[in-house]
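Asker: Chains as they are written, first to last, in numbering that gives the first Met the number 0: chain A, 0 to 215; chain B, 0 to 215.
Heads up, none of these hints are tricks.
Since the list gives no way to pick out one identical chain from another, each pair is judged satisfied if it fits inside one copy or across any two copies.
Computed cross-link-like contacts, EDC-like style, restricted to lysine to aspartate or glutamate with a CA-CA straight-line distance of at most 20 Å:
no. : residue 1 : residue 2
1   : LYS109    : GLU69
2   : LYS59     : GLU34
3   : LYS109    : GLU34
4   : LYS189    : GLU158
5   : LYS44     : GLU61
6   : LYS49     : ASP22
In short, the hints are calculated from the structure, not lab data.
Spelled out from the first residue to the last, the chains are:
There are 2 protein chains.
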Amino acid sequence: MNAAHNFLRQGTKGESTRAQILDAAVEMASEGGFEALTIGSLAEKTGLSKSGLFAHFGSKLELQIATLDEASRRFTEAVFMPAMKMPRGLKRLGALVENWVEWPARAELKGCPINAASEEYNHQPGPMRDAVLERQRLLERELAKAAQMAVDVGELAPETDTMQIAFEIVGIVLSSYRCELLMGHELAQKRALTAFNRLIDGARSPSAKVPAAARR
Amino acid sequence: MNAAHNFLRQGTKGESTRAQILDAAVEMASEGGFEALTIGSLAEKTGLSKSGLFAHFGSKLELQIATLDEASRRFTEAVFMPAMKMPRGLKRLGALVENWVEWPARAELKGCPINAASEEYNHQPGPMRDAVLERQRLLERELAKAAQMAVDVGELAPETDTMQIAFEIVGIVLSSYRCELLMGHELAQKRALTAFNRLIDGARSPSAKVPAAARR
Numbered sequence: 000m001n002a003a004h005n006f007l008r009q010g011t012k013g014e015s016t017r018a019q020i021l022d023a024a025v026e027m028a029s030e031g032g033f034e035a036l037t038i039g040s041l042a043e044k045t046g047l048s049k050s051g052l053f054a055h056f057g058s059k060l061e062l063q064i065a066t067l068d069e070a071s072r073r074f075t076e077a078v079f080m081p082a083m084k085m086p087r088g089l090k091r092l093g094a095l096v097e098n099w100v101e102w103p104a105r106a107e108l109k110g111c112p113i114n115a116a117s118e119e120y121n122h123q124p125g126p127m128r129d130a131v132l133e134r135q136r137l138l139e140r141e142l143a144k145a146a147q148m149a150v151d152v153g154e155l156a157p158e159t160d161t162m163q164i165a166f167e168i169v170g171i172v173l174s175s176y177r178c179e180l181l182m183g184h185e186l187a188q189k190r191a192l193t194a195f196n197r198l199i200d201g202a203r204s205p206s207a208k209v210p211a212a213a214r215r
Numbered sequence: 000m001n002a003a004h005n006f007l008r009q010g011t012k013g014e015s016t017r018a019q020i021l022d023a024a025v026e027m028a029s030e031g032g033f034e035a036l037t038i039g040s041l042a043e044k045t046g047l048s049k050s051g052l053f054a055h056f057g058s059k060l061e062l063q064i065a066t067l068d069e070a071s072r073r074f075t076e077a078v079f080m081p082a083m084k085m086p087r088g089l090k091r092l093g094a095l096v097e098n099w100v101e102w103p104a105r106a107e108l109k110g111c112p113i114n115a116a117s118e119e120y121n122h123q124p125g126p127m128r129d130a131v132l133e134r135q136r137l138l139e140r141e142l143a144k145a146a147q148m149a150v151d152v153g154e155l156a157p158e159t160d161t162m163q164i165a166f167e168i169v170g171i172v173l174s175s176y177r178c179e180l181l182m183g184h185e186l187a188q189k190r191a192l193t194a195f196n197r198l199i200d201g202a203r204s205p206s207a208k209v210p211a212a213a214r215r
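Kindly produce the complete structure, drawing on both the sequences and the hints.
Answerer: So this is what it looks like as structure tokens:
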């Protein structure tokens, strides 16, 4: 449970219970995926009655969708919102990547629940896949937009393929999640940042070929 | 079902039935993951009786492990074996990446079952996670070894961090799997190869800075 997160929610008792249930649900989904997230398994974890949970979520699917929404809200809060405070360009793009690599650990989750959902539903047509694809599309667009801003401010070369940059950033983050268990969180994070810096160095505009460290 | 694949298996009728069951199991796991792969769901898909399946696999776990073994065998056959026929160095490394990106499609699978298993079990301790981690470790080692060969033959610079290359290749492949639904298989494959070429171009030894295409 994330106390600070719940504190932000002010509302009726029902809303606060719902927030607590969703916190537990996000935690469960990040460990065991969304298919294992059932009214029954959640009742067991939270100690609430199944009928109590049914009052909040009418079905397994409704619970799954609400959990994905809550995970997305937390993702936006942890990854995008702090990056938006950085100046447009490579600093913002770099903050996005770093926050994305780090957010499951910072949120004390075992893994990224949105990544778990993507893997689970990519090949299973239905409302969960539609919801997941919509989020992937949005994320890809935001990454390309942040890369385009780095072009616009003259840090990346004008001919930069920003969709290719987005594609490679997705790979860097996924590899850091995947390799974390084998090599430990710190090394996975370090490798991710090395990869990102290399990606960016290859795309810098000729007038901005100064090592990133020197420009901080 | 993969007829050519079954044809290679010569043995008793029991062995051939087992091979057919495992083909169906790999297909199921590549779509819905390994947790959804139960004796019951497999009986439904194959039309065999549950008791018949229990004769081959004593438990859900045994079935899952056997399916992961079979997926790994096919992965080795589709990805590593053809690459081993290429000369040591960048040609072999490039073949590994290309075969890895392509193998689920070539095997007519909806996704890579080993990738599905990695995502499912990374955060769930137990025999399946152990088996998955062992395969990830092996794959990482083989990728780094192939990159080291490219260093040894003078194509990559001596200071190349081959574990970093392996880390980034994992990311490129995962991103191609992840993005395939959004952008289509062909574009995902193209982006993966672009990313790989860029990765390699940045690591070439100074004496080998000739475009790859010119050296074929």
